[in-house]
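**Student:** Residues per chain, in single letters:
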Amino acid sequence: MPDPLIIARGLTHAYGDRRAVAGVNLDVAPGERVAIAGPNGAGKSTLLRMMATLLRPGAGTLQVLGEELPAGARRARLGIGYLAHNPLVYLDLSPRQNLDLYADLCGVPNAARRIDDLLERMGLLARAEDPVRVLSRGMTQRLALARMLLHAPRLLLLDEPHAGLDAAGTALLDAELEATAFDGRAAVIVTHEVERIGAVADRLVVMRAGRVVLDEPVGGRSPAEVRARYEGAIA
Amino acid sequence: MSAPANRPRWTRQLRGLIRKDLRLELRTRETVVAMVLFAVVTLTIMQFGFGTRDDDLTRFTGGLMWVTLAFTAVLGVGRSYVAEREQGVLDGLLVSPVPRVLLLAAKAITIFIYLVIVEIVVIPLVGIFFVKGPYWDAIGWIALVALIANVCIALAGTLFSGLALFTRARDLILPVLFLPALVPVVIAGAGATHAVAGGAYDMSEYRGYTLFLVGYAILFLLVCVATYDAVFDD
Numbered sequence: 546m547p548d549p550l551i552i553a554r555g556l557t558h559a560y561g562d563r564r565a566v567a568g569v570n571l572d573v574a575p576g577e578r579v580a581i582a583g584p585n586g587a588g589k590s591t592l593l594r595m596m597a598t599l600l601r602p603g604a605g606t607l608q609v610l611g612e613e614l615p616a617g618a619r620r621a622r623l624g625i626g627y628l629a630h631n632p633l634v635y636l637d638l639s640p641r642q643n644l645d646l647y648a649d650l651c652g653v654p655n656a657a658r659r660i661d662d663l664l665e666r667m668g669l670l671a672r673a674e675d676p677v678r679v680l681s682r683g684m685t686q687r688l689a690l691a692r693m694l695l696h697a698p699r700l701l702l703l704d705e706p707h708a709g710l711d712a713a714g715t716a717l718l719d720a721e722l723e724a725t726a727f728d729g730r731a732a733v734i735v736t737h738e739v740e741r742i743g744a745v746a747d748r749l750v751v752m753r754a755g756r757v758v759l760d761e762p763v764g765g766r767s768p769a770e771v772r773a774r775y776e777g778a779i780a
Numbered sequence: 015m016s017a018p019a020n021r022p023r024w025t026r027q028l029r030g031l032i033r034k035d036l037r038l039e040l041r042t043r044e045t046v047v048a049m050v051l052f053a054v055v056t057l058t059i060m061q062f063g064f065g066t067r068d069d070d071l072t073r074f075t076g077g078l079m080w081v082t083l084a085f086t087a088v089l090g091v092g093r094s095y096v097a098e099r100e101q102g103v104l105d106g107l108l109v110s111p112v113p114r115v116l117l118l119a120a121k122a123i124t125i126f127i128y129l130v131i132v133e134i135v136v137i138p139l140v141g142i143f144f145v146k147g148p149y150w151d152a153i154g155w156i157a158l159v160a161l162i163a164n165v166c167i168a169l170a171g172t173l174f175s176g177l178a179l180f181t182r183a184r185d186l187i188l189p190v191l192f193l194p195a196l197v198p199v200v201i202a203g204a205g206a207t208h209a210v211a212g213g214a215y216d217m218s219e220y221r222g223y224t225l226f227l228v229g230y231a232i233l234f235l236l237v238c239v240a241t242y243d244a245v246f247d248d
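Residue numbers (my numbering), protein chains in the order written: chain A, 546 to 780; chain B, 15 to 248.
If you're looking for bench data, these hints aren't it; they were derived computationally from the structure. Each residue gets a CB set at the ideal place from its N, CA and C atoms; glycine is no exception. Incorrect hints may have been included.
[To be verified] Cβ-to-Cβ under 10 Å is the rule here; a few derived chain A residues that face chain B: (1) 620; (2) 677; (3) 679.
Work out the full structure, taking the sequences as your base and the hints as a guide.
**Tutor:** Next up, the structure:
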């Protein structure tokens, strides 16, 4: 069995006195798509930000793409694609200029061609030179998706990825997530949309008060069954 | 799935970050225009405040110029992370495989460029407003000391604006941290300018102040390299 892309043991993070993540153990293997759900304040986004190297673990150990964090954070970042609440793009630059920047930062080879391909795939080629500020929310989210995929990351970390996406963007994202199951990448998806989990993930992790309270496969379950399992876990 | 990214070269990362800042400035024209206008207005107010053209303000030239440049720098440095903060882009930079010190270097180089643009206007204007006697012959020496001082200002400014970025009262904290760090720059810049403006040409004094600025720049460079990772972690 291939080595997991994420190994978390006893992972903890606190904001002041409040423990947002409290002793989480989690492995994510290549090809897996793991949905993390839970009520507000459960620690989902904090856990994801630690995996994305944006927060240091307070206690416990975290290995991402074979790199122990925080020491190996810079090497791990080469293989991480992160989609956040914010699109993480400059509103006064054009989509092409934003992707140019991230291509430089991530060392993307043949950047111009890769950027053109992604802009075309995301339906943004005709608006590639407009400032992001004048694009619709859906277009901006598709640009965020292009930014995440630009350097062909092995690990996708997505925080509420469907929020603000239009129908075209949703289809592109779902296709990308489906592809991860076959090409050795992995995805961790933080979501509130419990009904959608069966379509985009093959494993459900439910968090409550910073702890994992359910971790099981969702393959073959109907949206109603997933919802029932989720509500049972957070009750 | 396309080929994964190679380990990026730092030169490419640095170039990308500087190009991004300059593109943003060209698109918005918010920072440099404000800095130039602020400096010109400040010098004009001082010119009126200190008397008419008949008064010889040559001996105050260095002080007037460097106090103006210091406050103008605070204005520019205060805006250096505005786009990242207001548009929530910082996480995008931090999740990229960029050494944190390159984020500092790129911002420092951008601020350096902005200061040079301001000085292209300010240095001649100071001569017109305040100096009686020869000034234009010394403009090269004044420009040289300005370039060295710019390195100090840009490094200190970027470090403190990075620190202030994660505080709530950042607009208050930045000047409180940054202005005291500029005091040695103002003293040395004013001293060096005074040494050559108005035909004085005290090159020994000029050299002393200039070497002090070089030392101050090296000190800040070391502080930045030593601390900048910590500034952006968590």
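**Student:** Look at each hint and say if it fits the structure.
**Tutor:** Hints and how they fare:
no. : hint : in the structure
1   : 620  : 7 Å, holds
2   : 677  : 9 Å, holds
3   : 679  : 12 Å, violated
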